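Read top to bottom, the protein sequences are chains H and P. Terminal number for the first sequence in our numbering: 113, no gaps in between. Terminal number for the second sequence in our numbering: 225, no gaps in between.
It is possible that some hints are incorrect.
[Said to hold, decoys possible] Which residues of chain P face chain H? A few of them, derived with a C-beta cut under 10 Å, are:
hint : residue
1    : 119
2    : 155
3    : 156
4    : 157
5    : 158
6    : 161
7    : 163
8    : 165
9    : 176
10   : 177
11   : 207
12   : 210
13   : 212
14   : 215
[What the hints assert, rightly or not] Partial pick of chain P residues on the chain H-facing surface, computed with a CB cut under 8 Å:
hint : residue
15   : 153
16   : 195
17   : 196
18   : 219
I should point out that these hints are in silico values taken from the structure, not numbers from a laboratory. This structure is a prediction, so every number in the text was calculated from the model and none was measured. Note that beta-carbon positions come from the ideal geometry of N, C-alpha and C, so glycine has one too.
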Amino acid sequence: AQSVTQPDIHITVSEGASLELRCNYSYGATPYLFWYVQSPGQGLQLLLKYFSGDTLVQGIKGFEAEFKRSQSSFNLRKPSVHWSDAAEYFCAVGVNTGNQFYFGTGTSLTVIP
Amino acid sequence: NAGVTQTPKFQVLKTGQSMTLQCAQDMNHNSMYWYRQDPGMGLRLIYYSASEGTTDKGEVPNGYNVSRLNKREFSLRLESAAPSQTSVYFCASTREWGTEAFFGQGTRLTVV
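Start from the sequences and build out the full structure, keeping to the hints where you can.
Okay, structure coming up:
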C-alpha cells in the first residue's frame with residue numbers, strides 16, 4: 001500500500017535559519033510528489049511538485065525540494081526562514097490508481113524571532 | 114477565479130442527524146476528492162471520483178456516501194452523524210493524474 005511518512009511532527013527554527021522538512025514515501029513506481037502548505041484556518045496551497053527530470057525542484061516562497069529515488073525521499077528545504085513561513089506542511093504522493101493523492105501527517109513549523 | 118467552493122464553512126450536528134457537504138469546481142477538472150483532516154492524522158481520503166460518473170472508496174469511507182452530480186459537483190453525505198465524524202472536511206480537484214490538486218477552504222463539522 002502507498003504511504004507517506006513525515007517523521008517530524010513539529011519543528012521550531014529561528015528566523016533566518018535554514019529549514020529542512022523530511023518526507024519519505026512508499027510506492028511501487030516513481031510517484032508524483034508534492035509539498036503543500038496550510039496556514040491556520042486555511043486550505044492547502046501548493047509549494048512545489050516533482051514529476052520527472054531534474055531531481056531538485058524550485059517552488060514558491062523560496063522553497064525547494066530534492067527527490068532521492070534511492071532513499072524514497074522528497075525533503076523540503078529553505079535557506080532562510082521568515083516568520084511568515086510558520087504553518088503546517090504536508091508532503092503528498094500522487095498515484096495513478098484513480099488519480100489518488102495520499103498525504104503525510106504533516107509537520108508543524110514554528111518560527112521564533 | 115472561484116476554484117473549489119465548499120459549503121457550508123461551519124456546521125454543528127446532533128448525533129444521528131444527516132447532512133450533505135457540497136463541493137463545486139469551475140476549472141473543468143476531471144477528478145474530485147473528499148478528505149478529512151484530524152489533528153496528528155494529516156489528510157485522509159474518504160472518497161474520490163476519478164471522472165464524471167465514477168466514485169470509489171478511499172482510506173476512511175465508513176459512515177459516508179458521495180455523489181458526483183456532474184463534472185462540476187461532488188457532494189459528501191453523512192447519513193447518521195457520529196461524534197467520531199467531527200473533523201475538518203476538504204474537497205479537492207485535479208485536472209488529471211499527476212497534476213496538482215486544488216483545495217477548497219474546508220468545512221468545520223462538529224457532531225455533538
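Consistency of the hints with the structure:
Hint status for residue 119 (chain P) relative to chain H: holds, with the closest Cβ pair at about 9 Å, below 10 Å. For residue 155 (chain P), the shortest C-beta to C-beta distance to chain H is roughly 4 Å, which falls under 10 Å, so the interface hint holds. The interface hint given for residue 156 (chain P) is met, as the beta carbon of that residue sits about 4 Å from the closest beta carbon of chain H, less than 10 Å. Checking residue 157 (chain P) against chain H: minimum C-beta separation of about 8 Å stays under 10 Å; hint holds.
Interface restraint check: residue 158 (chain P) against chain H, minimum CB-CB distance 6 Å, threshold 10 Å, status holds. Contact between residue 161 (chain P) and chain H, as hinted, is supported at the beta carbon level, the nearest pair being about 6 Å apart and thus within 10 Å. Given hint, residue 163 (chain P) at the interface with chain H, holds; its Cβ is 4 Å from that chain's nearest Cβ, closer than 10 Å. Interface restraint check: residue 165 (chain P) against chain H, minimum CB-CB distance 13 Å, threshold 10 Å, status violated.
Annotation: residue 176 (chain P) was flagged as interfacial toward chain H, and the flag is violated, the nearest CB pair being 20 Å apart, outside 10 Å. Interface restraint check: residue 177 (chain P) against chain H, minimum CB-CB distance 16 Å, threshold 10 Å, status violated. Given the 10 Å rule on beta carbons, the hint for residue 207 (chain P) holds: about 6 Å separates it from the nearest Cβ of chain H. Interface restraint check for residue 210 (chain P): the shortest CB-CB distance to chain H comes to about 4 Å, inside 10 Å, so the restraint holds.
The restraint placing residue 212 (chain P) at the interface with chain H holds, with a minimum CB-CB distance near 8 Å, inside the 10 Å limit. With its C-beta approaching chain H no nearer than about 8 Å, residue 215 (chain P) sits inside the 10 Å limit, and its interface hint holds. Given the 8 Å rule on beta carbons, the hint for residue 153 (chain P) holds: about 6 Å separates it from the nearest Cβ of chain H. Hint on residue 195 (chain P) is violated. Least Cβ distance to chain H is approximately 23 Å, over the 8 Å limit.
At about 22 Å, the closest approach between the beta carbon of residue 196 (chain P) and any beta carbon in chain H exceeds 8 Å, and the interface hint on this residue is violated. Given the 8 Å rule on beta carbons, the hint for residue 219 (chain P) holds: about 6 Å separates it from the nearest Cβ of chain H.
Against the hints set out earlier in the document, violations occur for numbers 8, 9, 10, 16, 17.
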